[in-house]
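Asks: One-letter residues, chain by chain:
Number of protein chains: 2
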Amino acid sequence: KTFLQKIRILHDACSGWLVVLLIGMAAGTCAGIIDIATKWLITLKMGVCTNKFWLDQESCCWLHEDQNSKIDNDSCAEWRSWAEILGGHRGHGASDYAVNYTAYVIIAMMFSTLAAVLVKNFAPYACGSGIPEVKTILSGFIIRGYLGKWTLLIKSVTSPLAVGSNLSLGKEGPLVHIASCCGNVFAHLFPKYGQNEAKKREVLSAAAAAGVSVAFGVPIGGVLFSLEEVSYYFPMKTLWRSFFCALTAAFVLRSVNPYGTAHFAMFYVTYNRPWLLFELVPFALLGVMGGLYGAGFVRANLFWCRFRKNSKLGKFPILEVMVITLITVLLSYPNPFTRMDASTVINELVQECGPTSHTNLCDYNVTRHYHGLNTTFVPASPSGGLGDGLKTALWQLALAFLFKCIITVFTFGMKIPTGLFIPSLAVGALMGRIVGIGVEQLVYTFPDNPMWKTDCQFSNGQSCITPGLYAMVGAAAALGGVTRMTVSLVVVMYELTGGLQYIVPLMLATMFSKWVGDALSGEGIYDGHIRLNGYPYLEQKREFTHTTLAADVMRPRPGEPPLKVIVQEGMTIYDLEELVKSNTLNGFPVLISNDSQRLMGFVCRKDLIVALENAHNRPEVTEDSPTYFTLHCPASVSELGNSNPVRLFNIVDLSPIAVSDHAPMETVVEIFAKLGNRQVLVTHNGKLLGIITKKDVLRHIAELEGEDPEKIMFD
Amino acid sequence: KTFLQKIRILHDACSGWLVVLLIGMAAGTCAGIIDIATKWLITLKMGVCTNKFWLDQESCCWLHEDQNSKIDNDSCAEWRSWAEILGGHRGHGASDYAVNYTAYVIIAMMFSTLAAVLVKNFAPYACGSGIPEVKTILSGFIIRGYLGKWTLLIKSVTSPLAVGSNLSLGKEGPLVHIASCCGNVFAHLFPKYGQNEAKKREVLSAAAAAGVSVAFGVPIGGVLFSLEEVSYYFPMKTLWRSFFCALTAAFVLRSVNPYGTAHFAMFYVTYNRPWLLFELVPFALLGVMGGLYGAGFVRANLFWCRFRKNSKLGKFPILEVMVITLITVLLSYPNPFTRMDASTVINELVQECGPTSHTNLCDYNVTRHYHGLNTTFVPASPSGGLGDGLKTALWQLALAFLFKCIITVFTFGMKIPTGLFIPSLAVGALMGRIVGIGVEQLVYTFPDNPMWKTDCQFSNGQSCITPGLYAMVGAAAALGGVTRMTVSLVVVMYELTGGLQYIVPLMLATMFSKWVGDALSGEGIYDGHIRLNGYPYLEQKREFTHTTLAADVMRPRPGEPPLKVIVQEGMTIYDLEELVKSNTLNGFPVLISNDSQRLMGFVCRKDLIVALENAHNRPEVTEDSPTYFTLHCPASVSELGNSNPVRLFNIVDLSPIAVSDHAPMETVVEIFAKLGNRQVLVTHNGKLLGIITKKDVLRHIAELEGEDPEKIMFD
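In the order they appear, the protein sequences are chains F and L. Under this note's numbering, the letters of the first sequence match residues 126 to 840, in that order. Under this note's numbering, the letters of the second sequence match residues 126 to 840, in that order.
Pairs involving identical chains hold if they fit within one copy or between any two copies, as the list cannot separate such chains.
Simulated pairs of lysine-lysine, DSS-like, Cα-Cα distance not exceeding 30 Å:
#: 1; residue 1: K317; residue 2: K799
#: 2; residue 1: K324; residue 2: K820
#: 3; residue 1: K820; residue 2: K131
#: 4; residue 1: K731; residue 2: K799
#: 5; residue 1: K324; residue 2: K131
#: 6; residue 1: K799; residue 2: K362
#: 7; residue 1: K731; residue 2: K812
#: 8; residue 1: K274; residue 2: K731
#: 9; residue 1: K689; residue 2: K812
#: 10; residue 1: K540; residue 2: K437
#: 11; residue 1: K274; residue 2: K362
#: 12; residue 1: K820; residue 2: K799
#: 13; residue 1: K434; residue 2: K245
#: 14; residue 1: K362; residue 2: K324
#: 15; residue 1: K812; residue 2: K799
#: 16; residue 1: K274; residue 2: K540
If you're looking for bench data, these hints aren't it; they were derived computationally from the structure. As the structure is a prediction and not an experimental result, all values here were calculated from the model.
Just need the whole structure built from these sequences, with the hints factored in.
Replies: Pasting the structure below:
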């Protein structure tokens, strides 16, 4: 017997590991395919690989050029721009430019329109980033079909299209949704996880971790993101499985994606120079700027989404996508920092300038040193006055920053998959690089300032400031401002840079960004969208500090009709059917008698309906049959007139969670948040007084915070 | 008013950050001082820096030698061994060896005896690693003085002494205890944290994170350790503060400790070679070996500690320490891998062999290549057949492994500060290095085996196997087997190696180690010691899978005398005093009347005692005065004979947590684990039936698992 038990325990444990292994593999595969498709679609706007049309620009020109500069290269024999294919010449003539521009716009429009049509017709849930909804689902709310197969398929297909159309959005948020869909699909293969909502949520937490893991190539950051931002209940035993899932996904992604480098991470950077103490001031400034941007973005975007919902705009989702795409691509083609996709731009911005960098961003008037016989020596991190290329680049950076700031507000929330990580990182990186170059020039112009004179020698044309690090810090600050992530954000950025010493700048910026953001808009973008959509999500992180009591929140409120209850003996089938029809409550308390009002148990609406249907199917039961919710039920008919009694003891939950009417709401909120139940009964000295549901709690919190509870909730 | 509220919120938030900042700084400072003292004491056993006696060997010889090999160097002019000081010569003559040996033994004996005397006389709580107790405290149990100033001081002083005496123990576990003491001390400076046990526990969680952070220089690993292993309630809002605390501590440590390197971490390694797929087999084997070691260690150590407790041995703690020290130092001096302190040995074992390595561990018969005109070229990672030095080293490694395996069992649990991280890592690293050299020789001897032929070319005398990586993996496996840590262990090792690609070997080994360990001994060393000491700790990670009901666990059990209760009206002061005296219960339920048995509230023993004392001080109250726990209390004396009524409504908790007698124990366990209360009342239809305390739950779980509940608990 004990051996059998051991086998069962082993099988139990194995199925848990197997399900996360499968989810990790599926998420990694999805991410790999999406990655390849996205790269191809992005470069398809520019041209085609003539021999092998299925290759993107990078793979097509693989052997033909140095990979230092990705933005400026547009030349290898196999790769032809649209102008060349249509008979034009290689080069930058006006007509060629016009042809390329037109092709770019038309192709982008096709992509985004196709994405919008697919989403509207096949899987409306595939729109948006999905993170607010996954959060809500993990908190215990059920949205049927949100994590279904169709959503998985359509979101996987439309995400590359949306990114390929050069809209200001990313595929990283959607990847979390896609991974969660994988989690849901595979959970249903295992009865232990498919049939138990709580267990399924554990699996979904692991899947969300795998999503972030593959989105950025950061397994530890993914687990912490799931822990900090997405998950609601995160028992420690699932931490290990989430980690396994995230790592599996990252490895599968690396083996699926043939373009991957030896490093997992999306933007792997190693800086050669340490940061200096005085730089903490500009880093903190970047944090403040990130917080300002984040708060502004959250407010503007929520305003726009509310407007979309309440106006006629919401009725034309495809048209909206087309208009925004047209504006985006028309304005973004002329500027190289918006023409290329955002993740390439970010990668460019966070790099250090090396001796072989030839991009505009590294065009300094470098002092070259003569080293031996006629050999010029370029310093490892060249710097100096602004070159012409860098001056141009600064203008382009500033314009790109402004443009992305504005267009992202209108893009996030459209009815196509719209991730927010990459646009936020891009805005932050643009901002950070500008600030970084500014600080560098400040140090270059005033080399003798006591703040940096001792630490920073501008000798040999070598700078002590790394503008790429500022871009990294700025990116963290902007993303922090928008999402209010903290630890997971720092860990993600740490995994991206791979140097523990840069944690301090990142952490400083993230802290300032969160403080400023929280001061100016109380919630992150995900919580904002949860509230906007009226999902019943009870925020766990905020402390409930009010001193109200359960009696103040429970229904019935004074003056309302009394609570709908069941009495344990004597109600007829008809009475119960009327009770079910008369309202939409989730369940009914069972009392011993109407006189004593003593609470005996709780019956779920769903169970009651099933039981009533079963009773109807028995011929001896009529509408007048009395029902008994007690353990013992009189068997003989004679005592009770002409009807057979119906015993319903089995559907009663004999231990509903109940609190006294004097219980502080703090305790009630804690019970909801930690035990995950849907209602709490309120008693006084054993007598039932009322009921509190999760929605009552949310309504109460909204009231206490001076908001109109009915306006924001349950649309 | 709203402005004032905002100020208050700001102050509230700031005090939270301030307290963790102070704790981080204090923990970092303590760790820095302990580090310096430990290094000095360790090398004091070998000799003295003649000019500057306060310097340890490394600092004394700072400029005089290359730092490649730490084990073999014993030569710089300023540093003199005891034999030299006492008139001998530099060298390895027999008499000098004897003098050095004797000095080593005598000094080690002095250190450990002093430590044991200090602990016994000034702070008995300073013994052991402290982690089991910190875990128990964080779960809600109060051990007075355990985190007090004296413990902090004595543990900080005796930890370096214990490590300096070369016993098989570390200062890393004690650092967690020391950081928690700092946390407790600083929490008392802020009323918000000092007066609220729940808030204080949040601060202590952050302090524990700081402890691990400074112990190994791994801030992220520290936070995850606190989250996974130490903390019981870890609300997400404290995650960020814990991270801040851990990072502050790490930075302060780096600036305090002048010997620190640019990297934070204790053993920073970067390997040049990737691992190969077939190596997963030996890595998994290392995991199994680690699990076997861990399970064996846990069982042997718990057996020995139980023996110590129950026999006369426990009465002579100082003598025990002296005997174990004598055995340890006598046996460890002849072997260089036990003579040096364990962390230096680990550091040596995890390193790669480079072209300039001259230690015995890297003594391969390397093929040197001639490169141009007479220049010999040594490969970057030289390997080949075993040299004589390596053969000797292998014997020494094996002997050191066996010795450490055995002596650690007797060392952990003695009445001095004994950490377990370093000894476990050392055992694992010794084991891993042996396995690694074995695999390397296997590949060298059979270069054509198809398993590795394609991946691994033994060209140019260059190996594809890194025995140092095996040492790292083995260390993780052994520590995992002993403590059953998972995610935090992998993250700690990841932070130590700094390469995401080595996560897979580490994770594989940790998984196997945990599975094997769990199969052979159900609990980790910390949980074992918690059970051994009978602390009321309710394990959260294990699921409660039994189907018992609250009614089966509650007291009174059938046949026992009825529950001690208070009736809300009419009990006299005398009755209440007798009630308090007659038992040691934590509190008493309050009933409406003895007839109805309906529950009205709960009174804590402590509050009742204070209230009774206050009542005694009022002249009009006699022993016969009736008490009223109701809201309204009759004021007039005439109605009630000759005594004034006493109103005790204020001490009643009107909303005690109560469950129905049909509630499954699963729910009750969840309520205890998540809401952190000390008792749950059991009712049936509003009538009080009994009470369940946390100890009842623990006793019940022990019974269900076939253990004798009375034997193991509450000593």
